[in-house]
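Protein chains: 6
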Amino acid sequence: MNVEDVEEALPKIFEFDPDLLVFISPNPSISGPANVRDKLSNSGVPSVVISDAPGKRIKNELEKQGLGYIIVMGDPLIGARREFLDPIEMAIFNSNIIKVLAITGVYRIVHQEIDKLIHSIKTGSSPVLPKLIIDVNDIRDRSDFNNPYAKAKAIAAYELAEKIAEINIQACFVEKESDKYIPLVACAHEIAQIAAKLAEEAREIEKYSDTLVRKPHSKAGEMKIKTKLMLQPKLDEKLYRKLLEK
Amino acid sequence: MNVEDVEEALPKIFEFDPDLLVFISPNPSISGPANVRDKLSNSGVPSVVISDAPGKRIKNELEKQGLGYIIVMGDPLIGARREFLDPIEMAIFNSNIIKVLAITGVYRIVHQEIDKLIHSIKTGSSPVLPKLIIDVNDIRDRSDFNNPYAKAKAIAAYELAEKIAEINIQACFVEKESDKYIPLVACAHEIAQIAAKLAEEAREIEKYSDTLVRKPHSKAGEMKIKTKLMLQPKLDEKLYRKLLEK
Amino acid sequence: MNVEDVEEALPKIFEFDPDLLVFISPNPSISGPANVRDKLSNSGVPSVVISDAPGKRIKNELEKQGLGYIIVMGDPLIGARREFLDPIEMAIFNSNIIKVLAITGVYRIVHQEIDKLIHSIKTGSSPVLPKLIIDVNDIRDRSDFNNPYAKAKAIAAYELAEKIAEINIQACFVEKESDKYIPLVACAHEIAQIAAKLAEEAREIEKYSDTLVRKPHSKAGEMKIKTKLMLQPKLDEKLYRKLLEK
Amino acid sequence: MNVEDVEEALPKIFEFDPDLLVFISPNPSISGPANVRDKLSNSGVPSVVISDAPGKRIKNELEKQGLGYIIVMGDPLIGARREFLDPIEMAIFNSNIIKVLAITGVYRIVHQEIDKLIHSIKTGSSPVLPKLIIDVNDIRDRSDFNNPYAKAKAIAAYELAEKIAEINIQACFVEKESDKYIPLVACAHEIAQIAAKLAEEAREIEKYSDTLVRKPHSKAGEMKIKTKLMLQPKLDEKLYRKLLEK
Amino acid sequence: MNVEDVEEALPKIFEFDPDLLVFISPNPSISGPANVRDKLSNSGVPSVVISDAPGKRIKNELEKQGLGYIIVMGDPLIGARREFLDPIEMAIFNSNIIKVLAITGVYRIVHQEIDKLIHSIKTGSSPVLPKLIIDVNDIRDRSDFNNPYAKAKAIAAYELAEKIAEINIQACFVEKESDKYIPLVACAHEIAQIAAKLAEEAREIEKYSDTLVRKPHSKAGEMKIKTKLMLQPKLDEKLYRKLLEK
Amino acid sequence: MNVEDVEEALPKIFEFDPDLLVFISPNPSISGPANVRDKLSNSGVPSVVISDAPGKRIKNELEKQGLGYIIVMGDPLIGARREFLDPIEMAIFNSNIIKVLAITGVYRIVHQEIDKLIHSIKTGSSPVLPKLIIDVNDIRDRSDFNNPYAKAKAIAAYELAEKIAEINIQACFVEKESDKYIPLVACAHEIAQIAAKLAEEAREIEKYSDTLVRKPHSKAGEMKIKTKLMLQPKLDEKLYRKLLEK
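Chains as they are written, first to last, in our numbering: chain S, 1 to 246; chain X, 1001 to 1246; chain G, 2001 to 2246; chain F, 3001 to 3246; chain B, 4001 to 4246; chain L, 5001 to 5246.
Treat the hints with care, since some could be wrong.
Stated by the list, open to error - Per label pair, the in silico range of CB-to-CB distance:
1. X/Val1174 x G/Met2230: 40 to 46 Å
2. F/Lys3059 x L/Leu5020: 56 to 62 Å
3. G/Met2230 x F/Lys3056: 33 to 39 Å
4. F/Asp3005 x G/Met2230: 47 to 53 Å
5. F/Met3001 x G/Glu2237: 31 to 37 Å
6. G/Glu2007 x F/Met3230: 40 to 46 Å
7. B/Asn4042 x L/Asn5027: 38 to 44 Å
8. X/Val1174 x F/Ser3178: 45 to 51 Å
Hints were generated in silico from the structure; no laboratory data involved. Heads up, the beta-carbon is just placed ideally off N, CA and C, and yes, glycines get one too.
Chain S with its partners taken away, still in its complex shape (with noise of 0.2 Å):
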């Protein structure tokens, strides 16, 4: 989105009077995305950018703006050449990425900071907008698998996705010939294969144990959980004792 887009789309974004604005972007430090955030910083409204690893060089200044901002660090860059830029390939390559964030829990993470926001917004409370940069870290110490193993395999699968994210800047900023970034997008593409496949497995482990946790939401917007398979959802004691500390 360039300058002008914004200048276009967003007024529409505010006469909707939002409570909250979550701000997407792979890079917000280019010239559109920078007026989005002068934007958001300036109409008052509690806003959260969500971003991937370039947005971690803006991080002083988003702090500054006053905006929230969750930049995941495994999000990779697709293979943006033209011989990839098929839209079947983009496709693939993103189910692939989707079920590495889903299952490692980054996208845990994500929806539960909004949830927090949504929480202080529906009790009057004001909301403390997050401020994460997500890393491997996090996959190691906030992932809910119950099996060691399964969380070793999930990091794993998280560390492919940085990888894919250094190779595929290689292959598309650096390497000038056809002949030289085919290859390596080629092999980015796999490695995204592989890491999905690798989450998915991770995920199985759970299955074998009956461990896997859900985390539905009640109709009201309660958070609950359950792990076995065949019992019914309870509220998130944990959750909601982090939610009144606050």
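Following the hints, complete the assembly by docking chains X, G, F, B and L onto the known chain S.
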């Protein structure tokens, strides 16, 4: 989206003065989406409804409203039971279905139909709106596989997607007790996982003989095609001839 | 088997003076098998018809004829098109379906029903002939899985078997051109392969927690049960109580 | 089958006035089957004994009796220990062995030998009874694989089947304590599973290059052959020439 | 190693004034290795010969020479035919066999025997040299699996390793024509690959229940043991008691 | 190896009066290996150091010392934490890395460099010592894959090997608490397992089209090459021309 949501959001879309509108709804027959359809129909803007199986029931209505439509029969409902409405579970399910719909060629059909509309609009000719119900025959007749077993596996993945839809409807709307519906949803989600694997296998077969087709757009938006991994995309002659015919 | 075959072969069976007759036919409504049913019905010998989906249509007739029946809805027709009527192809298809029906518990239900009849006959009580239509609900409610995801995968395998039946009927009786039916049969046989794999996976889960149930007969024909691999089978108390109740 | 069973059942078979008799027995040297062989030998009806490894010991006797024979060395004994004589376990074991024997081409050899006999009988020429001991050399020299690694994997699957036989004989007839024989049978059944997977992989390789051979019979019973999936079967010239030579 | 190599190299080893000598040879009966055995026998240094199947033939000789021995029956000969003596092919074969011998516990037995000798030497007691022929019974009785199916799969992997040896001997020393031995070696190497996979699967089972046993040495060389992944290794009491008994 | 070990062992090596010395060390910069390098440098014997990533830091020093070097960037450190220093764990890790380095072609480069040196020495020409840092570009440019996806998967396996190195350095030298380093090492070892699988898959692709390249030496030590499995190796013309050029 209910009717009020539509009344609030849709006018802002028209403020962009769009050349083309694509409306995606899993069930365009209920009140909110019906309201959208009315407004699209009256707007004079060329509009396409993308939907899944429930959309088939209002095919005649869509035609009367002068709306284009692409109805994907094998895009299944998620297991929308509380126990499974965990954001992670849902993301994984979607990841699997994305992979199936991408690899089997459903996404190819969808984006090429949109491509054609954009082409018409850009060249000033009047756009012919698609009237498509995508079922297993389209996978068989329109997909890009060179190896017939790859195609057979892709068709199988698509058939499985249809089966998931069937089971989840039973689980969500027919069975009342959790002892009955939980195993069904769990089963449907297992099928989603194995359907994604089967689709992936179909794609791997094409890699094994270096016959995997990719169709990236050129920078100018032209439809290109490439097969051998190390070669460059070329203009997709066959597709262009089709466009000229119209 | 046509009527003449039946007239020639069946009398010889009766010469053995059997206590029980089990008649297996994929479609017991056509003339040959219908002739068999008549003869069984008139013979006075307790008789059970085992069939698949087409057998369901003559359920009432079977009841009137005083015949027991076990109709397995998920026992699919092979892809009976010339191109696939290769003995090797057929053996592989059967191998896959045997694995699905064995692991999901269909064979368990069948042999236990026969076991009960033999028990009645041996103890001189009058045999209660089975009247069973085995569908996915029976897999859900009667199978021996300890892990609920193992059961979900088994149910999935069974659902796939039903899907195969559906596709092969389309391929064998509806589509006329080989360009249309070959991909469908090939697809159905791919599903058979993956259904077998899914069933196998269900069984593996039980191995992983050493909870796989085996039910060998004792030398005297008693029904025994064992779970932990290294332990000996014991009398299956639950099953015996059921037998005594009748 | 013991001798009395034979005395009761076999005469009824002769009442059909058969042109050809095929007698299948895992061990044709023990009393019941020996009785059968005598009767077949004296009947004047062309007869073929199909057996596995134990049959090899009576090869000379079979020749003296004027019986044809097909002895399949790699058709292993099941793990016939009480703990494993569960109908489900046995069906799964058989499913795996069927897959191995079908894919490696053992079934092809068997049915073609029978085909040739039927051809002779139909054309009024005197049938030349087969005298075959099928071992790994036959898999190597007679199987239909185009890809040499597919053949290597098929041979491997067959070798594993022979290994299973060896282990199960140890487990069933040598080891006395359950602590010793249970792990051996469990191991043999695991090998059966992986042998089936290996055979399947061999077949998949042929699918990947669309070179999988199928040999359906025509309606008139002629032997046909096809390779490319989408093409029709043709008369198997090579096979017919062989038939004429005899 | 021929006799001259031995004459040149071995004296230098003795110059180190070793406390213990371990001599590894695939076939210790031929001249070079026989020369080594003589010299070890006469050296007075406690010596152990590690060998595979051919070593079994000289068991008595080894005992007379006062040499310890560990003969691993399931350590197969590579497919030593020119076509396969590619360094990459050989490294892959070895990689597979290492995995099998490690996971099935062969390496455990070997290093614990050496550990015991070192312990004796360190504590000044006279070392009891091992006299071991490791076959499938040792895998069954001495391996560290908690799950009985993991053990069954490990035994299966070991049995496959023995089968490889058998096939490669046939391929290397019996068959003369490349048309005959190439498929056999290729088959043996495929079995090596699948045996490694089977062994790996055995280990995965233990991970799934977090019961995988690891036995690292302490810095001081003590034998320790750990099971749960996140816990620390402890002194291996059982093993130490065994050592004290001697 | 510390300095004393070197002082004791190395002189004996020189007593063999070697034509060529190959020195393998994971970290040739520390005191023991540094001592070795000095002695090799002063010996006048052509010498090559083979090392992994840490060796890169002393590249200039190696050149000054007149030593050849082959530094393999993707040969990762094992997870050298007490909990994982179990001989079995280590053997499995090595098995996986061997497979990756063999299949991706690292071993090919290494042995061909040694081959060239031997060739020079045998023909009396002065050996040109290798100065190689093997990274992902070498895999891309020098490996023997015919299928570009096989190559992409091989590159991916190699990239994973580099990632393992990175994680294990973090786990072994940065993290202090076992709660932090155990999951990291476990993760690195999982990546090793999946990297081996990915490399294996690359090799399988070549089998599927019978294009797998093997390069056995002739009995006389000539470099030969073969591709189709059933054909004989021929002299590797391309390689020989390269040798003559030097």
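A quick look at each hint next to the structure:
1. As the Cβ distance of valine 1174 of chain X to methionine 2230 of chain G is approximately 43 Å, the hint placing it in 40 to 46 Å holds.
2. Between lysine 3059 of chain F and leucine 5020 of chain L the beta carbon distance is about 59 Å. The supplied range of 56 to 62 Å therefore holds.
3. Between methionine 2230 of chain G and lysine 3056 of chain F the Cβ separation comes to about 35 Å, which falls inside the hinted range of 33 to 39 Å.
4. In this structure the supplied range 47 to 53 Å is violated for aspartate 3005 of chain F paired with methionine 2230 of chain G, their Cβ-Cβ distance being about 36 Å.
5. Between methionine 3001 of chain F and glutamate 2237 of chain G the Cβ separation comes to about 34 Å, which falls inside the hinted range of 31 to 37 Å.
6. Distance hint check for glutamate 2007 of chain G and methionine 3230 of chain F: the Cβ-Cβ separation is about 43 Å, which falls inside the suggested range of 40 to 46 Å.
7. Taken as a hint, the range 38 to 44 Å holds for the pair asparagine 4042 of chain B and asparagine 5027 of chain L, whose Cβ atoms sit roughly 40 Å apart.
8. A beta carbon spacing of about 47 Å between valine 1174 of chain X and serine 3178 of chain F agrees with the range 45 to 51 Å that was offered as a hint.
Violated hint: 4 only; the structure is consistent with all others.
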